[in-house]
Each structure stands twice: as C-alpha cells, then as structure tokens.
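The primary structure of each chain is shown beneath.
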Amino acid sequence: MRLFLFNILLAVLWMFMWGTFDIYGLAAGMLLGYVLLGVVSRTMPGEEYGRRGLQLVSFLAYFIRILIKANLVVAWEVITPGYQMTPRFIRYPIDGLTDFQITSLANAITLTPGTLSSDVSDDKRYLYVHCMYAKDRESAVKELDELRDRMMKELFSWQG
Amino acid sequence: MHETTIMVLDLLTVAALLFGLFFMALAAVGLCRLPDFYHRMHAASKGVTLGVTGLLIAAMFNLSTHQDATVVNIVAKVALVIIFQFVANPVGAHVLAKAAHLDGCPKWEGTLSDELDEDRH
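Protein chains in written order, with the numbering used here: chain A, 66 to 225; chain B, 2 to 122.
Capping the alpha-carbon separation at 27 Å, the derived lysine-lysine pairs in DSS-like fashion look like this: (1) A:LYS189 / B:LYS108; (2) B:LYS99 / A:LYS134; (3) A:LYS134 / A:LYS200; (4) A:LYS200 / B:LYS99; (5) B:LYS108 / A:LYS200; (6) B:LYS108 / A:LYS134.
Per the computed footprint, the stretches of chain A lying under chain B, defined by three or more beta-carbons under 8 Å from a beta-carbon of chain B, are: (7) 134 to 143; (8) 187 to 201.
Source of the hints: derived by calculation from the structure; they are not laboratory data.
Glycine included, every Cβ here is placed at the ideal spot set by N, Cα and C.
With the sequences and hints as input, model every part of the structure.
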C-alpha cells in the first residue's frame, strides 16, 4: 500500500515534468512508475509490488472467464429440454474473513457457474450457497474453495 | 474521425449489442422456464449482469463515434456503471433468495438437501 502511494507520487512528478495535466499524462506516469517500482521492489525483502499488480490482472481475467462460463451453463440449461440440475443448499465455512471479504466472496459466488449465495449465518461463520449441480457435495465445495483461495491470494494480498 | 475507424466502431457496437441481448434474452426465458424461485434467481443475476455489461460496452463504442465525443469521459462512466452492476446485482439476488427462503418458498422436488433449513430449526 505504501508503494502504491509512492506510485501516485511518481505519476504526479511525471505530469509536472511534462506539463501535461490530463488523464493520459496520469496514465503514462502510473504505468512507468509501476514498472519502475516493480523492478526496485525486487531488491526489498517482503515486497513484491510487480507480482501483486499482475495477480490483480490475473484475477480479473479469471473472473471474467468464469462469469461467461456461468452464463453459458445457465444458457445450456435453459435451451436444452428437461432438467439436468441436482440442486442443494450447501453450508460453506467462512471463518476468519472480514465483512468486506465476505461481501466480495458472496458476490463472486453468485456470479460463478451454478452457485448462488443465499444467506449468511448470524454469527458470520457460514455462507449458505444454492448450488445447481451438486450431485457430489464434496466437489461442489472444492470449486468454492478454489474461488476463495484465488480471491484471498490475488485480491486481498494487498492488505498485508 | 477517420471513416474506417467509424466503421470498425460500428461493427464493434453491433457485436457487443448482440452479445448483450443474447444473454438478456436468455435470462428472460430462464425466468419463465426454470422450475423454482432459486433457479430463476440464477438466471436473473448472472444473465442480467453480463447482458447489461454487453449493452454498456455497445453504448461506449457508439458514443465514441460522435463528432465531439470525449472518449476518456465515456470510458470512465461506462467502467463506473459496470462496477456498480457487479456489486449491486449479486446483492439483490442474495437478498431476494434469503427472503424467499425465510418465507418458505417451495423448492423444486429434485432438491437433494437443504442445510440452510437444517440450521434454522
């Protein structure tokens, strides 16, 4: 987070140097500052500024991919005759997550294939998820685990 | 703006419109066709989020072809609306599903188990 503020400072510096105070100047400054800090932070222990930025992009790409897949899954169910669903309400443990992380996870779950978050227990320990294809409970939980792990690693590693 | 650029942007507009409308239409059909309330929420939340995103991207391409358009302005607004969509739509679906379950909305007979129901009683 400290390095991100430094990145903004570098971008402002860049704008002053060129005298271009518009969005393009800011974008160019941010990009150059990011590359510079990505290289410099490799020498600092415990700081991986360059990798974190790339992880953010990789999570975004992963999210868009599963959103489109989710829609195709629903589309297939709607178009083909008959029902192939095996729905369940699943109890999913979310111990140790902050409120903001729970909200993000619930939203992400709703937008991923075959799952719809439908309740949070009052003590914020469990999320209840409606799964469309959960013939085998364990594999459905495993899919949610993958999403949670990716989100915690790639999206919320910034908080550290 | 160059004429070829405008033509390319028009084609992109049509492509994005078709993409968005396809998923919006699927969401609408899904609402009628799926067996119970919870499955219908699947269609409504996922389909509409992606559909509206497609329509917004189409609007972005189309508005960019105008004579006195400021592209940065348009892209920023579209990005903002898309982000709000991604936050607001799932929350709405979540609240509706929760309310329906509290109200004892009937589940499809194929539902295998309901751990939410077990924990309530």
